Amino acid sequence: MVERERGCAKMNKRAERLPLEGVRVLSLTASWTGPFGSMLLGDLGAEVLRLEQIQYAGGLTRGAEARPNEARWKNDTNGGVMQYVDRKPWGAHGEYPWNRFSFGNCHLQNTYSFTLDFSRPKGWELVKRIIQMSDIFIENNTPTTAPKLGFTWEFLNGVNPRLIVIRSPGFGLSGPHMHWKGFGRNIEGAIGHSWLSRYSDDPEHLVSNRSTYLMDNMGSHTVAMAAMMALLGREKTGKGSLVEIAQAEAAMGALPAPWIDYFANGRIRPAQGNRLSTAVQGCYPTAGDDQWVVITICDDEEWRGFCNAVGNPPWTKDERFGDLSGRLENQDDLDAHIAQWTKERSNYDVMYALQAHGVPAGPVMTEAMTFADGHLKDRDFFIEETQRWCGTHLYTGYTGKYARTPRKNRADMPPCGLGEHNEYVFRGLLRLSDEEYAELEREQYIGTEMLAEAKASL
Amino acid sequence: MEMQPFEGMKVLDLSNHISGSFCTKLFADYGADVITIEKPGRGSLTRHIPPFVGDVPAINKSVYFLYLNTNKRGITLNLKSDTGKEIFAKLIQGADILVESFAPRVSSDLGLDFDALETLNPGLVMASISNFGQTGPYRDFKASDLVEYAMGGAMFSTGLPDREPLTKGPNALLFETGMQACYAILGAYMGARQDGIGDYIDISIMESQLAGCERRSANLLTYQYTGDITRRVPPTAGLFSTVPAILPCKDGHVTLAIGSKNFSKFLTLMGRPDLVGDPGWDANNMKITPEVLKVYHDCFSRKTKMEWSEMFQDEGLICTPLSTPEDVCTDEQWKFRNFFVDVDHPSTGAIKYPRGPIRVDPEWWKIRMPAPLLGQHNGDIYGELGYAPDDIRVLETQGVI
Chain A
1 MVERERGCAK
11 MNKRAERLPL
21 EGVRVLSLTA
31 SWTGPFGSML
41 LGDLGAEVLR
51 LEQIQYAGGL
61 TRGAEARPNE
71 ARWKNDTNGG
81 VMQYVDRKPW
91 GAHGEYPWNR
101 FSFGNCHLQN
111 TYSFTLDFSR
121 PKGWELVKRI
131 IQMSDIFIEN
141 NTPTTAPKLG
151 FTWEFLNGVN
161 PRLIVIRSPG
171 FGLSGPHMHW
181 KGFGRNIEGA
191 IGHSWLSRYS
201 DDPEHLVSNR
211 STYLMDNMGS
221 HTVAMAAMMA
231 LLGREKTGKG
241 SLVEIAQAEA
251 AMGALPAPWI
261 DYFANGRIRP
271 AQGNRLSTAV
281 QGCYPTAGDD
291 QWVVITICDD
301 EEWRGFCNAV
311 GNPPWTKDER
321 FGDLSGRLEN
331 QDDLDAHIAQ
341 WTKERSNYDV
351 MYALQAHGVP
361 AGPVMTEAMT
371 FADGHLKDRD
381 FFIEETQRWC
391 GTHLYTGYTG
401 KYARTPRKNR
411 ADMPPCGLGE
421 HNEYVFRGLL
431 RLSDEEYAEL
441 EREQYIGTEM
451 LAEAKASL
Chain B
1 MEMQPFEGMK
11 VLDLSNHISG
21 SFCTKLFADY
31 GADVITIEKP
41 GRGSLTRHIP
51 PFVGDVPAIN
61 KSVYFLYLNT
71 NKRGITLNLK
81 SDTGKEIFAK
91 LIQGADILVE
101 SFAPRVSSDL
111 GLDFDALETL
121 NPGLVMASIS
131 NFGQTGPYRD
141 FKASDLVEYA
151 MGGAMFSTGL
161 PDREPLTKGP
171 NALLFETGMQ
181 ACYAILGAYM
191 GARQDGIGDY
201 IDISIMESQL
211 AGCERRSANL
221 LTYQYTGDIT
231 RRVPPTAGLF
241 STVPAILPCK
251 DGHVTLAIGS
261 KNFSKFLTLM
271 GRPDLVGDPG
281 WDANNMKITP
291 EVLKVYHDCF
301 SRKTKMEWSE
311 MFQDEGLICT
321 PLSTPEDVCT
331 DEQWKFRNFF
341 VDVDHPSTGA
351 IKYPRGPIRV
361 DPEWWKIRMP
371 APLLGQHNGD
381 IYGELGYAPD
391 DIRVLETQGV
401 I
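Top to bottom, those sequences are chains A and B.
Quick note on numbering: the first sequence equals residues 1 to 458 in the numbering used here.
Quick note on numbering: the second sequence equals residues 1 to 401 in the numbering used here.
Everything labelled a hint here was simulated from the structure, so no lab data went into it.
The model shown is predicted, which means the values in this text are computed figures rather than measured ones.
Backbone N, C-alpha and C define an ideal beta-carbon position, used for all residues, glycine too.
Incorrect hints may appear among the rest.
Said to hold, decoys possible - Computed footprint of chain B on chain A; a stretch qualifies when at least three of its residues, placed anywhere within it, have a C-beta under 8 Å from a C-beta of chain B:
hint, segment
1, 36-48
2, 100-108
3, 167-176
4, 203-215
Said to hold, decoys possible - Straight-line Cα separation of at most 25 Å, PhoX-like style, residue types lysine-lysine; simulated pairs:
hint, chain 1, residue 1, chain 2, residue 2
5, A, Lys181, B, Lys303
6, B, Lys261, B, Lys294
7, A, Lys239, B, Lys366
8, A, Lys455, B, Lys265
9, B, Lys39, B, Lys10
10, B, Lys90, B, Lys39
11, B, Lys265, B, Lys250
12, B, Lys303, B, Lys335
13, A, Lys181, B, Lys335
14, B, Lys10, A, Lys236
15, B, Lys261, A, Lys148
16, A, Lys455, A, Lys148
17, B, Lys39, B, Lys85
18, B, Lys261, A, Lys455
19, A, Lys122, A, Lys148
20, A, Lys181, B, Lys265
21, B, Lys366, A, Lys236
22, A, Lys181, B, Lys250
23, B, Lys352, B, Lys61
24, B, Lys250, B, Lys294
25, B, Lys303, B, Lys265
26, A, Lys128, A, Lys455
27, B, Lys261, A, Lys181
28, B, Lys61, B, Lys39
Unchecked claim - Here are some, though not all, of the chain A residues that point toward chain B, as calculated from beta-carbon distances under 10 Å:
hint, residue
29, Glu21
30, Gly182
31, Gly219
32, Ser220
33, Met225
34, Leu231
35, Lys236
36, Leu255
37, Ala257
38, Pro258
39, Ala264
40, Ser277
Required output: the full structure, derived from the provided sequences and hints.
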């Protein structure tokens, strides 16, 4: 493992056991919090069994629909919901579009996928057996979904009193809005994040879609953390527990200042764009099309560094820029000078020039820049994974480099295909005979292809 | 379960900024004994970040510091002095976890070398949180949360197409890193407690953004799969061509996501059942022309963002208010769930803070004590280490604590 060879050279002790070896997770999850949180446990050695159905293509994990029609993917020019390998749901790598969808594939690593139609009695009996041999059950659907399918706390706890049940809906399991639904952008609006990151107070400058959503990241890591906390608890009590995580609350916990400021001072945080009240900060154009650099100049020392880096032209001597409060008061003028300087240079050149003088600065990275970045390469951040249906690509790596703790390498378990591990689950874990297994396939309890009539969620 | 899950766990917190402090707060709020170690005199950097309660800068009134240090005991210690180093060596022997967030060069100057600390405490899990990690060409670069978002996050796709890329919520990214660090540390701790082998974790804030569960990870994959770059989009662009993603209403804005399946229902609920079946309003083949937009604007101006949201959501359609901080703080959902809870602090009185994200019955999350005053627990903790009150006074006059 690459990671264990890095870190401090002097360290010679090595852990042999994965931290969560022997822990089994049953994951009934849809994008993003649930599957990603499950994968985080898989990274630490848990065996994550992802329960899917060939009768249902939902939750955006495996595409907006099972088989998108040709006209739609041809007309889709900006990513949208057509994010398949080669842009084609069908194509050079064969069929199975649901195995080639980037949204799902970025969080289906270190995960075993099995399919099962548990709406029929035989399927339900099999699911029960898997619940009996599991330690953790994770779901992140709207609150009514899992109980409607039969997965109530009473049922789960009855089948396996040691089972830890983690439920992570958007708005929680109680309250007048518990049933509310929304995509990332809608929840970002409801929790105030869209309001808190505006260019200005002008409604024309509202941003409706950030293409990145706080609740997913906060939610998924909270799920993984809660699972380990519940395991620690179970050691003491011998019993499972019902754990609730509202994704919206996890996200709001990452924005405490505006709430406390309102409660304590009655202030509603005004729009600030990229600016701060404690530093000159902005995003400035650099050479090239749609290329940008961000710069933060906190104190006089960083200001002097900045002036030196830009070669001390006369405008840096303007007395209005003599101290921080003057620089903040006159930031529009100052920004114009800074932009004049940055737009003659590449964003990387600006970063190197300013960082050499102790000024925080960095390029606004595009996808291409991220993959080409020397620092990330030097730290071996990306993981090269080869998946049967997609080929070989770089996937984003782990949070934190362990010097000793072994992780299950995602490259050894790239994004799972639908039902890819049916044999492992039904023949390996449940010890079904050849005949029983063949019957499940024949009767379409299990499979690796979405049925033509599979329901879509959108 | 009556106990808190982290009860019995001991954490030393040497972090000076938001990520590390949030990470150790999560341990503290769920039961760990966390000792936060601050620089004598000035204290942690987070004591100096605005906003302040009462709007006047004061060492015990930064809302960041107050929120980040609930349930922690606080001591002061000068790690540069020899005596300070000796005392730290005693403290580390009782710890399960150490979190520090000094710049990589500084932490080695202070003697925070894992190999050395490990000889004092063989099972120790130590995490260093830094801007760019402990190795690599950017190791000693400086960063702000905006620089981290630009380099590690999705800033390029945040904002409007004809404007510069835009930040996310204030310092949100640093809280995300704190949460991710807590997960990573807990993973190593789960390993350490089964085999007694500690670990050193190098956590880069930039990499945490990239490694997180944001659309960025998917968008980086999409780029390789399709060549498509994820760009900033106009505010009206939605997943569907039926309704703009955002619409003004009586008291602000709502966000919407209405697909073809629900479009007739939407038009009816909006107050224009007459448009159902109109060729200009065919969900599978329509454009949002100025005329169409005017119809939406006229309809939506009649109700408030919460009225529209509740009405549509009750019918299973996606509509949410674009909430201001005031809306969030007075929202019936969060009131019902008691999400904002009063925390009483000697220098501010009771103020509402957000509660922890994990709920279990009986509660795992508890406020046992508010954030410490600077050096508040010097007497207790140095007493526990065997220092007599007179010794502690000497340490104070020497500037060690």
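Hints and how they fare:
Counting residues of the segment 36-48 of chain A whose C-beta lies closer than 8 Å to any C-beta of chain B gives 5; at least three are required, and the coverage claim holds. Interface restraint, the segment 100-108 of chain A with chain B: holds (6 residues with C-beta to C-beta distance below 8 Å; minimum three). Counting residues of the segment 167-176 of chain A whose C-beta sits closer than 8 Å to any C-beta of chain B gives 5, which meets the bar of three, so the coverage hint holds. For the segment 203-215 of chain A, the proposed coverage by chain B is satisfied: 11 residues have a C-beta within less than 8 Å of a C-beta in that chain, meeting the threshold of three.
Note on lysine 181 of chain A and lysine 303 of chain B: the hinted pairing holds, with a Cα-Cα distance of about 20 Å set against a maximum of 25 Å. The suggested pairing of lysine 261 of chain B with lysine 294 of chain B holds, with an alpha-carbon distance near 23 Å, which does not exceed 25 Å. Restraint check: the Cα-Cα separation between lysine 239 of chain A and lysine 366 of chain B comes to about 21 Å, which is no more than 25 Å; the hinted pair holds. Annotation: proposed proximity of lysine 455 of chain A to lysine 265 of chain B holds, straight-line Cα distance about 20 Å (limit 25 Å).
With a C-alpha separation of about 20 Å, the suggested pairing of lysine 39 of chain B with lysine 10 of chain B holds against the 25 Å cut-off. A C-alpha spacing of about 18 Å is found between lysine 90 of chain B and lysine 39 of chain B, which places the hinted pair at or below 25 Å, so the restraint holds. Distance check on the hinted pair: lysine 265 of chain B and lysine 250 of chain B sit about 21 Å apart at the alpha-carbon level, within 25 Å; holds. In summary, the hint linking lysine 303 of chain B to lysine 335 of chain B is supported, as the alpha carbons are separated by about 23 Å, within the 25 Å threshold.
Pair hint lysine 181 of chain A plus lysine 335 of chain B holds up; C-alpha atoms about 19 Å apart against a cutoff of 25 Å. About 18 Å separates the Cα atoms of lysine 10 of chain B and lysine 236 of chain A, which keeps this hinted pair within 25 Å; it holds. Proximity of lysine 261 of chain B to lysine 148 of chain A is assessed by CA-CA distance (about 22 Å); at most 25 Å being required, the pair is judged to hold. For the hint linking lysine 455 of chain A to lysine 148 of chain A, the alpha-carbon distance of about 17 Å falls within 25 Å, and the restraint holds.
Between lysine 39 of chain B and lysine 85 of chain B the CA atoms are separated by roughly 13 Å; this keeps the pair inside 25 Å, and the hint holds. A C-alpha spacing of about 13 Å is found between lysine 261 of chain B and lysine 455 of chain A, which places the hinted pair at or below 25 Å, so the restraint holds. Among the hinted pairs, lysine 122 of chain A with lysine 148 of chain A is consistent with the structure: their alpha-carbon atoms are about 18 Å apart, no more than 25 Å. With a CA separation close to 16 Å, the supplied pair lysine 181 of chain A and lysine 265 of chain B stays within the 25 Å bound.
With a C-alpha separation of about 19 Å, the suggested pair lysine 366 of chain B and lysine 236 of chain A falls inside the 25 Å cut-off, and the hint holds. For the proposed pair lysine 181 of chain A and lysine 250 of chain B, the alpha carbon gap of about 22 Å is at most 25 Å, so the pair holds. Between lysine 352 of chain B and lysine 61 of chain B the CA atoms are separated by roughly 14 Å; this keeps the pair inside 25 Å, and the hint holds. The straight-line distance between the Cα atoms of lysine 250 of chain B and lysine 294 of chain B is roughly 15 Å, inside the 25 Å bound, and the hint therefore holds.
Of the pairs offered as hints, the one joining lysine 303 of chain B and lysine 265 of chain B holds, with about 18 Å between alpha carbons and a cut-off of 25 Å not exceeded. A C-alpha spacing of about 24 Å is found between lysine 128 of chain A and lysine 455 of chain A, which places the hinted pair at or below 25 Å, so the restraint holds. Taken as a hint, the lysine 261 of chain B and lysine 181 of chain A pair is honoured in the structure, with Cα atoms around 15 Å apart against an allowance of 25 Å. Of the supplied pair hints, the one linking lysine 61 of chain B and lysine 39 of chain B holds, its CA atoms being roughly 17 Å apart against a limit of 25 Å.
Here the hint on glutamate 21 of chain A is kept, as its CB sits about 9 Å from the closest CB of chain B, short of 10 Å. Annotation: glycine 182 of chain A was flagged as interfacial toward chain B, and the flag holds, the nearest CB pair being 5 Å apart, inside 10 Å. Because the closest C-beta pair between glycine 219 of chain A and chain B is about 8 Å apart, less than 10 Å, the hint holds. Here the hint on serine 220 of chain A is kept, as its CB sits about 4 Å from the closest CB of chain B, short of 10 Å.
Using the Cβ-Cβ criterion of 10 Å, the hint placing methionine 225 of chain A at the interface with chain B is satisfied: the shortest such distance is roughly 5 Å. Annotation: leucine 231 of chain A was flagged as interfacial toward chain B, and the flag holds, the nearest CB pair being 8 Å apart, inside 10 Å. Contact between lysine 236 of chain A and chain B, as hinted, is supported at the beta carbon level, the nearest pair being about 6 Å apart and thus within 10 Å. Look at leucine 255 of chain A: its Cβ gets to within about 5 Å of chain B, closer than 10 Å, so that hint holds up.
A least Cβ separation of about 5 Å between alanine 257 of chain A and chain B falls short of the 10 Å threshold, and the interface hint therefore holds. The beta carbon of proline 258 of chain A is positioned within 10 Å of a beta carbon in chain B (closest approach about 4 Å), and the interface hint is therefore held. A distance limit of 10 Å between C-beta atoms decides the matter here; for alanine 264 of chain A the minimum to chain B is near 4 Å, and the interface restraint holds. Below 10 Å, beta-carbon pairs count as interface contacts, and serine 277 of chain A has one with chain B at about 6 Å; its hint therefore holds.
Checked against the numbered hints given earlier, the structure satisfies every one of them.
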